[in-house]
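Colleague: As a plain string of letters, each chain reads:
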Amino acid sequence: MSDVILQLKNITKSFDGKMILNDFNLDIGRNEFVTLLGPSGCGKSTILRIIGGFVRPDKGRVLFEGEDITMLPPEKRNVNTVFQKYSLFPHMSVADNIAFGLKLKKKSSQYIKDKIDYALKLVNLDGYEDREPLSLSGGQQQRVAIARAIVNEPEVLLLDEPLGALDLKLRHEMQRELIKIKKEVGITFLYVTHDQEEALMMSDRIIVMNKGIIQQAGDSKSIYDEPQNAFVADFIGESNIIDGIMVRDCLVNIQGVDFTCVDTGFGENNPVDVVIRPEDLEIVKAGEGYLTGQVISIIFKGAYYEIKVKVDDYEWMIQSVDPAPIGEFVGLTIDPDNIQIMHKPVRDDEEVARDE
Amino acid sequence: MKRLKDIASGIYIGLIGVLLYAPILVLIVLSFNNSRSRVVWGGFTLDWYSKLFSNNQIKEALLTTVILALASAVIAVLIGVPGAIGIHALRKRPYKVMMGLTNIPMLNADIVTGIALMLWFVHFIPLGFGSVLLAHITFNIPYVILSVMPRVQQMNIATYEASRDLGAGPVYSFFKIMLPELVPGILSGFFMAFTMSMDDFVITYFTKGAGVNTLSTMIYGQIRKGIKPEMYALSTLIFLVVSAILIIVNALSDRRKTPKKNIEERI
Amino acid sequence: MNETEARSTNRRSLLSGPYLVWIIGFTVLPLIVIFRFALSDGAGHATLSNITAIFSPIHRKAMWFSLKIAIGCTVFCILLSYPMVMAMKHLGLSKKGFSLFIIILPMWMNFILRILALQMILSNNGILNLFLTKLGFEPLRIANTETAVMIGAVYDYLPYMMLPIYTAIMEINEDVIEAAKDLGAGSFTVFRKIILPLSLPGLLSGTVMVFVPSMTSFVISNLLGGGKLQLIGNVIEQEFMTGNRYVGSGLSVALMIFVLISMAFTMRHNTEGKESVVW
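Chains as they are written, first to last, in this note's numbering: chain U, 1 to 356; chain L, 1 to 267; chain C, 1 to 279.
Hints were generated in silico from the structure; no laboratory data involved.
Any given hint could turn out to be false.
To be verified - Computed spacing ranges between beta-carbons, pair by pair:
id, chain 1, residue 1, chain 2, residue 2, range
1, C, 186, U, 225, 40 to 50 Å
2, U, 170, L, 18, 48 to 58 Å
3, L, 252, U, 90, 29 to 39 Å
4, L, 60, U, 134, 51 to 61 Å
5, U, 299, L, 184, 26 to 36 Å
6, U, 225, L, 252, 50 to 60 Å
7, L, 162, U, 296, 32 to 42 Å
8, L, 175, U, 185, 51 to 61 Å
9, U, 134, C, 186, 21 to 31 Å
10, L, 18, C, 226, 16 to 26 Å
11, L, 211, C, 197, 33 to 43 Å
12, L, 240, U, 106, 49 to 59 Å
13, U, 134, C, 18, 44 to 54 Å
Claimed, not checked - Heads up, simulated EDC-like pairs for lysine to aspartate or glutamate below, C-alpha to C-alpha not over 16 Å straight-line:
id, chain 1, residue 1, chain 2, residue 2
14, U, 85, C, 138
15, U, 115, U, 184
16, U, 85, C, 146
17, U, 85, C, 41
18, U, 221, U, 243
19, C, 193, U, 238
20, C, 89, L, 6
Here the structure is a predicted model, which is why all the values come from computation and not from measurement.
From the three backbone atoms N, C-alpha and C, an ideal C-beta is built for every residue, glycine too.
Kindly produce the complete structure, drawing on both the sequences and the hints.
Modeller: The structure is reproduced here in structure tokens:
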């Protein structure tokens, strides 16, 4: 990334003695769509609030186009935020909400009017100028909030779980619209969410976080296909994560059975975590695969069946287009390519090598 | 910059604090002053406190004031809470009329309310404790209704219906389902009513007739002759008791609402 | 609304029955009585002279002084309350309950005693002047002046203004304030464009609770005005104490009409449902 617009350097922040961010570093490129993904309490919103200027880090610096803005108050920063709970001004009309930042910048009334028209079209709300925010639905309010931020032409738009309060269908619709808006206005988006599906769908780059530490960073495909530790594997999509022993390069022992795999460099006879995506497992006749077990549940999920097969005391999850009757003994097989081997974490919050 | 604002804020709060509390401090100092004069310091004494406890007139007025405040606040709650629920169920027109009538005692000058009640009371009851109680209930009910009404508006009537649906009777459902939701509003209404009753002078003054005195009317009567220093002792004691109560209430409610959840949301 | 629902709302509205009886018995009927007195000359003839007596020179003077005190007191209370509440908010005292505490506590002390104490502070050889002379300043002569009555009114009614403003401001969602800052508003703009308009219901409640009482309280003007400065409350009280209930009622009715008109004027902008921010 040659053109870096925003840099976080060695950010440390604790609340009430509890460490939220520990020596956090992140570079964001111009026009990038970066998503901070993690469970609640992982520090992702704190990062956004530090960039927005609402929280001051205990240590570290925020650089905006190379300039230190750590101590700058929020109103002096060229970034805007779309808040989780919309935060529209309840006593102002939709148009006045959108005009708020522009009026402060003393723009001409014609300019402001044009901008309002443009922004409302952009978020599919033309004709809503005179409505009261509280008379709008949640989705409409969030569109106004986006319009209100975008008209100020910020270099970076911060979005703090903007779709968190919407129902599933509306969320999907808004995700598509956000991508469209992003393309149209061409500015940097820094997006915070705990919804992995949302992150995978929208982002150029995903930063998976836990306990204030980056677990893995990369594009959607690499995050999904090559999780670097059990946390990422577990958090992104559904996975079978099971203990294994790396017998030697390209051979891993799981549940007493040796599997051929493609990973190397884990030493000999070392304990490892093995990650296998449910859609990568294949059900075959009993005795024909690597493992044999009994089907204990099957749920129809629309596009596929979710089948659980118990082998010894581990329940494998398999996604398959063909059903398998409960109680039947089946075999499980897998392509060597689809077995992911990972080091066991030394500590709970161990930082993993970054994908940069 | 932020520090400067901190300091300015602190100084300002201090100044307003001085304005609000200087007179109270004067009362406290006077309660220990061994001189009947209000301007000369005659040395430290606890005499006024011992005299206070043997002064039946003051004790009686205090008792009247407290009983009046308690009784009028309780009755105001008993009438006002069902009143608020009932008004809420009214159609738009009668609703507006009732809320308008509720606002009359709040908007009207105390002196007008007091005189109107006095002119009316003399038609059917002797002026005395009873008439004062009626008057206090009258100006207390609006405070209860206005405190409870927002809660009634927020209340989800579906929970009441769910309770009925699950086999609970209307009375049981009211006490088990509706009332708990209203409790904060009822408490603040009660508290407000109690305070207003304690603090009232004008309406009591016009409706009390001879013979009955609250602390306010007794003090007003004494002004010409000079306030008995026992009163300073009494107000010092009231100050201490009220401070203690407020501190305890604060400590309790602080413990209940730990702001932790709020912080977590923002991480 | 279906039938059972209609029936259940009807049944629920019956709960307001006792209150309706109370309103009629102790609000409506007393007002009718005071109107009857106001419109009677005492000999059984109808007259408007009791009410128009408010325009007689001496009453006009009291009314004028009352208005001056009421408007002044309300304005000063507003001007003092906002910085107070903002300072409390800034220092985060609101979260500790401490700020409510310092506002409410004085309301529980007998106000006549507090006004008497204030009289001692403000009197010509009182505590304030003692301090001033000690510090080398000229002593102030404010005892028994309009200024003293004004100070007394502001002192007594300040908590009634602060409390609803406090409640209204603390109810403002912090996110909304952050959104304004995010869009480029500095502290002053945030106050003017967000906090002030959103605390308007509290400001109105406070105005109702301060304006009328400060206009009519006769105790404060008696004690701090030296008996010479008369508010309309003093005049009405004296009419009653000298046995003239007809003129007294007439003046009361005139006062009531004035108050209701001015309140209707103030409340014009207040939207439905917001008037209840009292506590």
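Colleague: Now, for every hint given, state plainly whether the structure supports it.
Modeller: A quick look at each hint next to the structure:
{"no.": "1", "hint": "C/186 <-> U/225: 40 to 50 Å", "verdict": "holds, 48 Å"}
{"no.": "2", "hint": "U/170 <-> L/18: 48 to 58 Å", "verdict": "holds, 55 Å"}
{"no.": "3", "hint": "L/252 <-> U/90: 29 to 39 Å", "verdict": "holds, 32 Å"}
{"no.": "4", "hint": "L/60 <-> U/134: 51 to 61 Å", "verdict": "holds, 54 Å"}
{"no.": "5", "hint": "U/299 <-> L/184: 26 to 36 Å", "verdict": "violated, 44 Å"}
{"no.": "6", "hint": "U/225 <-> L/252: 50 to 60 Å", "verdict": "holds, 55 Å"}
{"no.": "7", "hint": "L/162 <-> U/296: 32 to 42 Å", "verdict": "holds, 37 Å"}
{"no.": "8", "hint": "L/175 <-> U/185: 51 to 61 Å", "verdict": "holds, 57 Å"}
{"no.": "9", "hint": "U/134 <-> C/186: 21 to 31 Å", "verdict": "holds, 26 Å"}
{"no.": "10", "hint": "L/18 <-> C/226: 16 to 26 Å", "verdict": "holds, 25 Å"}
{"no.": "11", "hint": "L/211 <-> C/197: 33 to 43 Å", "verdict": "violated, 52 Å"}
{"no.": "12", "hint": "L/240 <-> U/106: 49 to 59 Å", "verdict": "holds, 56 Å"}
{"no.": "13", "hint": "U/134 <-> C/18: 44 to 54 Å", "verdict": "violated, 35 Å"}
{"no.": "14", "hint": "U/85 <-> C/138", "verdict": "violated, 57 Å"}
{"no.": "15", "hint": "U/115 <-> U/184", "verdict": "holds, 14 Å"}
{"no.": "16", "hint": "U/85 <-> C/146", "verdict": "violated, 51 Å"}
{"no.": "17", "hint": "U/85 <-> C/41", "verdict": "violated, 64 Å"}
{"no.": "18", "hint": "U/221 <-> U/243", "verdict": "violated, 24 Å"}
{"no.": "19", "hint": "C/193 <-> U/238", "verdict": "violated, 48 Å"}
{"no.": "20", "hint": "C/89 <-> L/6", "verdict": "holds, 11 Å"}
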